[in-house]
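Undergrad: Listed here are the chains, written in short residue letters.
Number of protein chains: 4
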Amino acid sequence: MSVTPTPTHDAVAIAAAHDDGSDETPVHGYTPAKAEYLRRLRRVEGQVRGIARMVDEDVYCIDVLTQIAAVTKALQAVGIGLVEDHLGHCVVDAARESPEAGAAKVREASAAIARLVRS
Amino acid sequence: MSVTPTPTHDAVAIAAAHDDGSDETPVHGYTPAKAEYLRRLRRVEGQVRGIARMVDEDVYCIDVLTQIAAVTKALQAVGIGLVEDHLGHCVVDAARESPEAGAAKVREASAAIARLVRS
Amino acid sequence: MSVTPTPTHDAVAIAAAHDDGSDETPVHGYTPAKAEYLRRLRRVEGQVRGIARMVDEDVYCIDVLTQIAAVTKALQAVGIGLVEDHLGHCVVDAARESPEAGAAKVREASAAIARLVRS
Amino acid sequence: MSVTPTPTHDAVAIAAAHDDGSDETPVHGYTPAKAEYLRRLRRVEGQVRGIARMVDEDVYCIDVLTQIAAVTKALQAVGIGLVEDHLGHCVVDAARESPEAGAAKVREASAAIARLVRS
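Protein chains in written order, with the UniProt record's numbering: chain X, 1 to 119; chain E, 1 to 119; chain C, 1 to 119; chain F, 1 to 119.
Isolated chain X (complex conformation) (with noise of 0.2 Å):
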């Protein structure tokens, strides 16, 4: 967190990394579409903590639900990013190498989308 770098030749390239990341927690070297992830992802804890704050504070229920159903949909929106990824890469990859290992990839982000689409 209070990383202090020396000022060597490297400080640009580490104040670099350090850009990338948010606020409170520093990422580097991560995909850009980790660092976005993680961004949503907190995103949406700060929510669930508005809603406790809001049931906490005897908001309007339906006002309540309204925002239940905004943090549902956003939390639904990075699995379904993730499925895009993972279809990208690992399942791509798998295909790439044999048939055999596309095929078992596929059965297994099959049942990841189904337990998506249910949840």
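Worth flagging that the hints you see were computed from the coordinates, not collected in a lab. A few of these clues could be false.
Note that the list lumps identical chains together, so a pair holds whenever it fits in one copy or between two copies.
What the hints assert, rightly or not - Simulated pairs of lysine to aspartate or glutamate, DMTMM-like, Cα-Cα distance not exceeding 25 Å: (1) Lys73 to Asp85; (2) Lys73 to Asp63; (3) Lys34 to Glu108; (4) Lys73 to Glu100; (5) Lys34 to Asp93; (6) Lys34 to Asp85; (7) Lys73 to Glu108.
With chain X fixed as given, assemble chains E, C and F onto it according to the hints.
TA: Below, chains E, C and F alone, put in the same frame as chain X:
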């Protein structure tokens, strides 16, 4: 549809092929998966007709809702099956052709999965 | 369908009864909501039949999935409409009868809503 | 957290203040249902944080998706519980007040239920 086979030595084979399908739609030469989808969709169609009959006969609302939830699940299950087949054939084949072709099919499949999750 | 009643003193009554319903299913004396539900369910039934036809004619999988998502939504919309009617009639009437009767209907309705949300 | 206030005349006030909000949060004066919702929402919040950690630690995508489906269900279950409470209190009370008040609350609740079903 209106097949009237002349009584030759092929008649038994034709009748057998005919039996594979259902009453209304003879299904020949299809993959077993396709025949199975048609069977399930015909069942869903009959269930929707049953729901209409329930409404028409003033069946208690809660029982109609239970049936609507069941049919929605059956329809989504067909969708999930189609997703698995699509990933296992179109997407895997495209991935084996080239990374670019794979990526395009993954994008398209993910959009379809998103529509299914949100429905 | 092409009923041409002989012009007797019953003709007006027959025509009136005929007008109430749709082509296939004459609907008499029902609330407008009921006729509307039947119309929507008959439409869903036709859409499911259309999906089966798409599968049968080897229409591209993604297009079949798009249609499945649309029909699932249409079916859920019928369910949501029925929930609203049920709350507005059965549940409200029970609540006005006694708190206990209201509570029992609320429990039953909530279980049905839960099945709909999870489907 | 492990505050052991010296027994002064402020001790009672401190203890009371302490009770208001800790991480687990002793909940006073609330209906048991409210305390239970807060407990469940705090659990969901922890699960979302857990998902972020999984992403951060490059846990296998399919396992992250399984967890997302589970948390989505948990959040929807809170929503379903709130719907039941809302129907049992606000809607039933309004219905007992007047048919018009009941009808208005039913319309509002149905819209919230629809958002939940579609999420």
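Undergrad: Which earlier hints can't be squared with this structure?
TA: Hint 4 contradicted; others consistent.
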